[in-house]
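These protein sequence lines are chains R and L, in that order. Okay, so the first sequence: first residue is 1 according to my numbering, each after it adds one. Okay, so the second sequence: first residue is 143 according to my numbering, each after it adds one.
It is worth saying that the hints were derived from the structure and are not from the lab. We put the CB at the ideal spot given by N, CA and C, even for glycine. A hint or two may mislead.
Computed footprint of chain R on chain L; a stretch qualifies when at least three of its residues, placed anywhere within it, have a C-beta under 8 Å from a C-beta of chain R [to be verified]: (1) 203 to 213; (2) 228 to 236.
A short, non-exhaustive set of chain L residues, derived as facing chain R with CB atoms under 10 Å [what the hints assert, rightly or not]: (3) Thr146; (4) Leu158; (5) Gly162.
Chain by chain, the residues:
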Amino acid sequence: MPAAEKSIDNSIDKLDELVVWLKDWLESHEVPKSIAYKLRFAMEEIATNAVYYGFPTGTSGTVTVRINKDTVTERYQLDILDDGEAFNPLEEAPEADPNLEMDDRELGGLGVFLVKNLSEDCHYERRDGWNRLTVCIEAEAD
Amino acid sequence: MALTIEKHVSDGITTLELSGDLDTATAGELETTVKEIIASEHPSIIFDMGGISYVSSFGLRVIVYTSKAMRAHNDRFAMHSIQHDVMEILTISGLNRLLKVVENQDEAVALMR
Numbered sequence: 001m002p003a004a005e006k007s008i009d010n011s012i013d014k015l016d017e018l019v020v021w022l023k024d025w026l027e028s029h030e031v032p033k034s035i036a037y038k039l040r041f042a043m044e045e046i047a048t049n050a051v052y053y054g055f056p057t058g059t060s061g062t063v064t065v066r067i068n069k070d071t072v073t074e075r076y077q078l079d080i081l082d083d084g085e086a087f088n089p090l091e092e093a094p095e096a097d098p099n100l101e102m103d104d105r106e107l108g109g110l111g112v113f114l115v116k117n118l119s120e121d122c123h124y125e126r127r128d129g130w131n132r133l134t135v136c137i138e139a140e141a142d
Numbered sequence: 143m144a145l146t147i148e149k150h151v152s153d154g155i156t157t158l159e160l161s162g163d164l165d166t167a168t169a170g171e172l173e174t175t176v177k178e179i180i181a182s183e184h185p186s187i188i189f190d191m192g193g194i195s196y197v198s199s200f201g202l203r204v205i206v207y208t209s210k211a212m213r214a215h216n217d218r219f220a221m222h223s224i225q226h227d228v229m230e231i232l233t234i235s236g237l238n239r240l241l242k243v244v245e246n247q248d249e250a251v252a253l254m255r
């Protein structure tokens, strides 16, 4: 199965194009619902953070998403790339604590924590001016 | 998929029957609706989540916002009919034990009394 790829400008208005593209890919490849949920959640979280926070105000840039199914490992691999400022969300995003009581919680901050927990593996690299976050999710439902 | 919000008011309880996606693009609509209800005199809010197949972290943010805001109104906020994949997100986040999550509308209404 060849990898599919979609790029957008770093504009909030363009994020929906990524969601529509990914949903079409997931449907056309008959990805089971619960796995499709995880892939979409990871893509939306990382791409949204990149567009909202990854670029200095007023600068243009690109967010690219690739998806592929590795037929050897039976995993979906999702790569989210952006040419914004160097940022490793796996290390630098504030750590969420699921044991906190409601009064002690921030409104947000659960996204990266959930991506880590929903995936089998995720890793980050910075190369040639691009951030790349890779998320691997098992192709078989639990 | 867009978010549809149908508002039903009965015995002073506002039920929001939600369907579609609660995501980055749509979470703001729900937050606006919730703020209007909270501005009323004695707010009680139920989210009927039966038609919601996807909640992003922006969607969770609105749920946490609603729960926190309703602390000032005797916690009169409950959710029901949550689909399996959405429940998994709430469970990993530790929110399932902090929110009033029940099976159906009758149980949610009972919590408001």
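Now for the hints, and whether the structure bears them out:
no.	hint	verdict
1	203 to 213	holds (count 6)
2	228 to 236	holds (count 5)
3	Thr146	violated (17 Å)
4	Leu158	violated (19 Å)
5	Gly162	violated (12 Å)
In this structure, the earlier hints numbered 3, 4, 5 are contradicted, and the remaining ones agree with it.
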